[in-house]
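J.: Sequence:
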Amino acid sequence: MASHLDETDVVRLNSVVRNWKMVRQGQALYRAGEPFQSIYALRSGSIKTVLSHPSGRGCVSGLFLPGETL
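Residue numbers for the sequence shown follow my numbering, so the first one is 1 and each next one is one higher.
These are calculated hints, taken from the structure and not from any lab test.
Each hint should be verified, as a subset may be incorrect.
[Claimed, not checked] Computed beta-carbon distance windows for the label pairs:
id, residue 1, residue 2, range
1, Phe36, Arg12, 33 to 43 Å
2, Val60, Met22, 13 to 23 Å
3, Pro54, Asp9, 38 to 48 Å
4, Ser38, Val11, 39 to 49 Å
Beta carbons: idealized from backbone N, C-alpha and C, even for Gly.
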C-alpha cells in the first residue's frame with residue numbers, strides 16, 4: 001500500500017500505525033465472530049483466510065500478499 005504514497009503520506013501513515021504484529025505459520029490473525037479491532041497491512045509473506053465447514057474441514061476463501069490489507 002505504501003509503495004504508491006509520496007514521502008509526506010508515508011510519514012502520515014506511519015503516525016497512525018499503532019502496533020506491528022508478526023504472525024507465525026499456522027497462527028490465527030483473527031477469528032470469525034471476534035469484534036472488529038484493526039485493519040492489517042501485510043508487509044511480507046502471505047495470509048490465507050479459511051472458512052470452516054460443518055464437517056470440520058476448512059476451505060480457503062482468500063489469499064493475501066504483501067501490500068494488501070485485511
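J.: Work down the list of hints and note, for each, if the structure agrees.
T.: Against the structure, the hints come out as follows:
no. : hint                      : result
1   : Phe36 / Arg12: 33 to 43 Å : violated (23 Å)
2   : Val60 / Met22: 13 to 23 Å : holds (22 Å)
3   : Pro54 / Asp9: 38 to 48 Å  : holds (45 Å)
4   : Ser38 / Val11: 39 to 49 Å : violated (21 Å)
Checked against the numbered hints given earlier, this structure breaks hints 1 and 4; the rest are met.
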